[in-house]
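Colleague: Residue strings, one per chain:
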Amino acid sequence: MKIYVLIVTMSILFCSVTAVSAQKILAVQSIRVAPYEEALKGFESVCKLHVRRLVLSDYKNIDIANEIKSLHPDMILAIGVTALAKVKHIRKIPIIYFMVLDPKSVISSGEKNISGVSMNIPQKDQLAVIVNLFPDIKDIGIIYNPKKTSFIIKRAETAAWNTGINLIKKTVNTPKNVASRMMEMQGKIDLFWLIPDSTVLTPETIKFLFLFSMNNKIPIIAFSKNYLGIGALLSIGIDSYDIGRQAGELGNTFFTTNNKNLFNQHIDARRPVVSLNKKIANKLGIKINKNNANAFGGIDESEFN
Amino acid sequence: MNLNLIRTFREGFGIRIFILFTVFTFLVSFGFIGFFMHFQSKAMEQALKNNGSILANLLAYNSKIGVFSENIELLKDPVDGIFQQEEVFRVTLYNQAKEILVDNKKSNFGKKNTYFTNYKKISTEIFKNIDAHHAAVYLDHNDNVEFWSKVVSIETPLNDESLFFANEMPNQKARTIGFVRVLLSKQMLHNRLMSLYIKSLMIGLSFWLAGSIFIFFVLKSIIKPLKQLTSGVKALGEYGVVDKIPADARDEIGELADAFNNMYESLKRKNAEKKQLEEQLLHAQKMEAIGTLAGGIAHDFNNILGVIVGYTELALLNISEADPLRGKLNQVLKASGRATDLVKQILAFSRKDKQKLMPTRISPIVKEAIKMLRASLPATIEIRMDIKNSNVSILSDPSQIHQIIMNLCTNAAHAMPDNKGELEVSLEELYIDEETASRHADLQTGHYQKLTVYDNGEGIKPEIMDRIFDPFFTTKGPGKGTGMGLAVIHGIVKRCQGTIIVDSKIGKGSIFQIFFPAIDAEISEELELNKDLPHGNEKILCIDDEKQIIDFDQEILERLGYQVVTASTAAGALEIFKAAHDSFDMVITDMTMPGMTGLELAMEISNLSPEIPIILCTGYNSNISDYKTQEAGIIKIIMKPFAMHEIAFAIREVLDNSV
Chain G
351 MKIYVLIVTM SILFCSVTAV SAQKILAVQS IRVAPYEEAL KGFESVCKLH
401 VRRLVLSDYK NIDIANEIKS LHPDMILAIG VTALAKVKHI RKIPIIYFMV
451 LDPKSVISSG EKNISGVSMN IPQKDQLAVI VNLFPDIKDI GIIYNPKKTS
501 FIIKRAETAA WNTGINLIKK TVNTPKNVAS RMMEMQGKID LFWLIPDSTV
551 LTPETIKFLF LFSMNNKIPI IAFSKNYLGI GALLSIGIDS YDIGRQAGEL
601 GNTFFTTNNK NLFNQHIDAR RPVVSLNKKI ANKLGIKINK NNANAFGGID
651 ESEFN
Chain D
-6 MNLNLIRTFR EGFGIRIFIL FTVFTFLVSF GFIGFFMHFQ SKAMEQALKN
44 NGSILANLLA YNSKIGVFSE NIELLKDPVD GIFQQEEVFR VTLYNQAKEI
94 LVDNKKSNFG KKNTYFTNYK KISTEIFKNI DAHHAAVYLD HNDNVEFWSK
144 VVSIETPLND ESLFFANEMP NQKARTIGFV RVLLSKQMLH NRLMSLYIKS
194 LMIGLSFWLA GSIFIFFVLK SIIKPLKQLT SGVKALGEYG VVDKIPADAR
244 DEIGELADAF NNMYESLKRK NAEKKQLEEQ LLHAQKMEAI GTLAGGIAHD
294 FNNILGVIVG YTELALLNIS EADPLRGKLN QVLKASGRAT DLVKQILAFS
344 RKDKQKLMPT RISPIVKEAI KMLRASLPAT IEIRMDIKNS NVSILSDPSQ
394 IHQIIMNLCT NAAHAMPDNK GELEVSLEEL YIDEETASRH ADLQTGHYQK
444 LTVYDNGEGI KPEIMDRIFD PFFTTKGPGK GTGMGLAVIH GIVKRCQGTI
494 IVDSKIGKGS IFQIFFPAID AEISEELELN KDLPHGNEKI LCIDDEKQII
544 DFDQEILERL GYQVVTASTA AGALEIFKAA HDSFDMVITD MTMPGMTGLE
594 LAMEISNLSP EIPIILCTGY NSNISDYKTQ EAGIIKIIMK PFAMHEIAFA
644 IREVLDNSV
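So the sequences go chain by chain: G and D.
No gaps in the numbering here: position 241 of the first sequence is 591 in this note's numbering, and each next residue is one more.
No gaps in the numbering here: position 111 of the second sequence is 104 in this note's numbering, and each next residue is one more.
Everything labelled a hint here was simulated from the structure, so no lab data went into it.
Careful, some of the hints might be misleading.
To be verified - With a Cα cut of at most 30 Å, we get these calculated DSS-like pairs of lysine-lysine:
#, chain 1, residue 1, chain 2, residue 2
1, D, K69, G, K633
2, G, K504, G, K419
3, G, K557, D, K91
4, G, K526, D, K91
5, G, K526, D, K35
6, D, K99, G, K526
7, D, K91, G, K567
8, G, K520, D, K98
9, G, K538, D, K69
10, G, K557, D, K69
11, G, K526, D, K113
12, G, K497, D, K114
13, G, K520, D, K69
14, G, K557, D, K166
15, G, K557, D, K121
16, D, K166, G, K410
17, G, K526, D, K114
18, D, K35, G, K557
19, D, K98, G, K526
20, G, K519, D, K69
21, G, K520, D, K166
22, D, K69, D, K35
23, G, K526, D, K69
24, G, K526, D, K121
25, D, K91, D, K166
26, G, K454, D, K166
27, G, K497, D, K91
Okay, chain G solo, but in the shape it has when bound:
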């Protein structure tokens, strides 16, 4: 029953879109979360075309790829890694993804019709922020699962090498080892760099990490503002709206030039959002050189101070 309703709905949708514009864009969204919505808005703000959405979490047990093919969109927007995984097999329709951390883990076969903007802010940019704000930092600890986030580590290593930072890395295969790895770094690091690794970050390990941070006065740099509230000193996060805009720019380029060779472009998020928890800074006795904050667009302090 649901299938029939879906088909009818889609048909009506595309008929109306065709009436307005010749280009049909289908946005396939993993789930309904605010960052995805903002990213889509960012896309639409740049690429002024009619975009119709398909939220995967609303449909279960349906072969979404076939359904999408049957709709013949001119472009597919894959918002989120789940959406990208679902549409990556579509070869004849250009696909732009965004809000994906490691697109290469999904599209490793090197599909040519897929371009997009990852959620990853270049590690060198992040390290630059760190160095600017904490000039005295020398040793930065990091724990990761090589199977998941080695691409981040590789970039971080390169950036660290270039900036003279000593990156102390610990690998884990299971969350159980996070605590012991963290404890191994006790007294050896000036700062702990939290990376978006789901092996490292479980509810238990997060608690432990921040507890450990407070007990040993080791500041934690997180990748999302969400962690400031539970004890991170600083977050270097993404700007979802800007990522959408980056993707929109890619779309515009495609539609204006209609050059398929422009595809297979994979770019990182360009704008880091730096937020500071001053209370944590005070508790840890860390002084921040805010004069250098202008280099990356300033520090957002309002929320936690």
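Use these hints to put chain D onto chain G, whose structure you have.
Modeller: For chain D alone, coordinates are given in the frame of chain G:
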């Protein structure tokens, strides 16, 4: 011993109350302790379970990281924190695979407990059971309680992207990552309960003892007056006398003691009254018996006297004037006259005389009698009179009322040393109520005329008080009194249905109170003595051998306007008459006189002057025949003692008829 105890319990009110109260307070105290301990035990057990659940849940929460990471070092602090609790003696943590991560135990617990032999052998069913519950699960053993709680974690995000906006992600599922097992010893609970039990027992015992001691003294204070009361009642029952029971308390027992004391006083008073009444009854019975005896004798003796006097007079008529027997017969006649007077008094005492009782207003009689007494008694005796005018009448013979006054006042005068003193006569109307009547056997409720004669003479000795009304009892010297005065008064009063009450104190005087029952009757105008008494101015010769009577007669007659010439002997009177027989209009003579009887004198006077009317005064007239009186010229016989109106009417009647 046991029987004595049972008897003491049964008979002792105080002991019974004390034992009952003590047993009751014991049961209440220790029953309360029992209930208290029961509920306290349950509460403490429940508190232990709650505490154990909280500890297990707390440990499960705090050991999340350690269990998750299976890091023993991370589990140390949470486990040590739980071990701070005194009751906790073993803590075991399991990972998701039910393998023991930590198993800490206190060294002083459970060494000999067989339960710990199989401690580590946990069936999968138990884990399943614990996993199925959200809250902690406990297993109750003999010496300990075992608490289980599961260590729960939120499922790890599926992808790394979601880490950026974990707050935005839909609710994630919880999963069990391990188990916590906390053993709490019941030893502490038992120790606390035992301590509490001992304290409660001590407190209960203290309260019980304090309550028992308190109630002992309270009961003692209650029982003491009860015992005194009981002793008083027993003493009253056994000996009839009892000391006054102290009634200090103003409570019910005090009121009871007061009531008992009042009851005892009342009984004592009633006994005294009863005794007095008995004495009065006895005396009345005695007087009645004496009266009956004396009356019977007097009646027969009176008849015998009639024969003696009759034949003596016949004998005197038959012998010549010079006969030497004449003097002897006159002595017989004189002695017979005295005997006749005596018989008359005895009959008055025995109430067998034939005087008729009539409705009488006695106040005029009393006044008249007192006026006569003033003339006869020495002036050194002060006579006071308090006669209240009243229309109340009594049933009596007026002459006998007169006699009562005369006798009482004469006795009063005799009781005054050196003839100096006060004599008071009063008459009043009063009502005798039930209370007053109950104190005197002869008195009944109703209206009375009370005649009181008081003197401040020597008084009557208590030892003779119950004999004063006996006939022939006298304290006067030989020849000074017959001892019949009060006996006659007693007879008159009893005949009038009255009562005499005498009170006397030695040296203070005596008081005689005579109560005459009042009647409702119209008094004939004839009985009103002093209103229209017939008067006259005739000359009368009056003869009586007793000076007191002759003075009385002279007083009356002169008061009625007559000229009176008196004589104390028959011979003296005859000489006076012979000397001037024409000047006399009438002769009044006594019957019984020494030397010559009134009858003989009347015959002598009739011989000298046959026209002159003669009135004979006698105390007893049954011995005088009509023939003799007519022969002696006697026109009328008046019974002595007579009242003023009697003699006044008699004189006038005789004088008017003889003209």
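Colleague: Determine for every hint whether it applies to the structure shown.
Modeller: Hints, verified against the model:
no. : hint            : in the structure
1   : D/K69 - G/K633  : holds (26 Å)
2   : G/K504 - G/K419 : violated (37 Å)
3   : G/K557 - D/K91  : holds (24 Å)
4   : G/K526 - D/K91  : holds (16 Å)
5   : G/K526 - D/K35  : violated (43 Å)
6   : D/K99 - G/K526  : holds (28 Å)
7   : D/K91 - G/K567  : violated (35 Å)
8   : G/K520 - D/K98  : violated (35 Å)
9   : G/K538 - D/K69  : holds (23 Å)
10  : G/K557 - D/K69  : holds (17 Å)
11  : G/K526 - D/K113 : holds (24 Å)
12  : G/K497 - D/K114 : violated (38 Å)
13  : G/K520 - D/K69  : holds (24 Å)
14  : G/K557 - D/K166 : holds (18 Å)
15  : G/K557 - D/K121 : holds (28 Å)
16  : D/K166 - G/K410 : holds (19 Å)
17  : G/K526 - D/K114 : holds (26 Å)
18  : D/K35 - G/K557  : violated (39 Å)
19  : D/K98 - G/K526  : holds (25 Å)
20  : G/K519 - D/K69  : holds (27 Å)
21  : G/K520 - D/K166 : holds (29 Å)
22  : D/K69 - D/K35   : violated (33 Å)
23  : G/K526 - D/K69  : holds (16 Å)
24  : G/K526 - D/K121 : holds (23 Å)
25  : D/K91 - D/K166  : holds (21 Å)
26  : G/K454 - D/K166 : holds (29 Å)
27  : G/K497 - D/K91  : holds (28 Å)
Checked against the numbered hints above, the structure violates hints 2, 5, 7, 8, 12, 18, 22; every other hint is satisfied.
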